[in-house]
Amino acid sequence: NAGVTQTPKFRILKIGQSMTLQCTQDMNHNYMYWYRQDPGMGLKLIYYSVGAGITDKGEVPNGYNVSRSTTEDFPLRLELAAPSQTSVYFCASRDGLGGNQPQHFGDGTRLSIL
Amino acid sequence: GEDVEQSLFLSVREGDSSVINCTYTDSSSTYLYWYKQEPGAGLQLLTYIFSNMDMKQDQRLTVLLNKKDKHLSLRIADTQTGDSAIYFCAESIPGSARQLTFGSGTQLTVLP
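If you read the protein sequences in the order shown, they are chains A and B.
Just so you know, the first sequence maps onto residues -6 to 107 in this note's numbering.
Just so you know, the second sequence maps onto residues 9 to 120 in this note's numbering.
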């Protein structure tokens, strides 16, 4: 089972460049999330989506954009990369049918902005 | 406000029990989770507990919840070197998206 797949696994960007982090899941989950993890810190929620066409801001949305045109895909866009966005980014998905359904995580994208 | 706190480091000897502690602040939390993160990998769900339970046991893992003190613990029996990882506790906030608030993680090191 593929689960949650993130691409790329690693990327180095220059300040001011843009890129899209891809996330796709094959579990037909309605809920999807983007987190960032800074060294020695827990995960902070950037954006989330409760279904195709619906997105909302999390705790740290500045500098990012998302879209959710299909159930499977939830890309995260960085328009003007800044050093503060150097982090590990995790995508997660969840089945919305039951309150006890856990979030399933991808393996992460390690992004460095130089 | 929402805040989840964990101690940063724990070292144990192989074969001993490990206890990782977590405190949370949101009394409306419905589910509390423990995730494991190995180096270079994503988060793997270990176990979870519903807020109306005191304890949950799953093989070598025992979760204890003290709702009055907002304290959660994860006990790993017979800790092995393969258990070395970062352990995150997370609380699920009621709402349309059931967002998770994570602690900063506890780095467990198992010594031979």
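Hint data in this document are derived by calculation from the structure and do not stem from the laboratory.
One thing to keep in mind: the hints can contain errors.
Below are the DSS-like pairs computed for lysine-lysine, each with C-alpha atoms no more than 27 Å apart in a straight line [said to hold, decoys possible]:
no., chain 1, residue 1, chain 2, residue 2
1, B, 76, B, 64
2, B, 78, B, 44
3, B, 75, B, 64
4, B, 44, A, 50
5, A, 2, A, 50
6, B, 75, A, 37
7, B, 44, A, 37
8, B, 64, B, 78
9, A, 2, B, 78
10, A, 37, A, 7
11, A, 2, A, 37
12, B, 64, A, 50
13, B, 75, B, 44
14, A, 7, A, 50
15, B, 76, B, 44
Non-contacting residues of chain A with respect to chain B, defined by C-beta distances greater than 12 Å in every case (computed) [claimed, not checked]:
no., residue
16, 17
17, 21
18, 33
19, 38
20, 43
21, 52
22, 66
23, 87
24, 94
25, 95
26, 96
27, 97
28, 101
29, 105
Residues from chain A that keep clear of chain B, each with C-beta distances beyond 12 Å, as calculated [what the hints assert, rightly or not]:
no., residue
30, 30
31, 49
32, 51
33, 93
34, 99
As the structure is a computational prediction, the values presented were derived from the model and not from experiment.
A virtual CB, placed ideally from N, CA and C, is assigned to each residue, including glycine.
Structure-inconsistent hints, enumerated in ascending order: 9, 12, 18, 19, 20, 21, 23, 24, 25, 26, 27, 28, 30, 31, 32, 33 and 34
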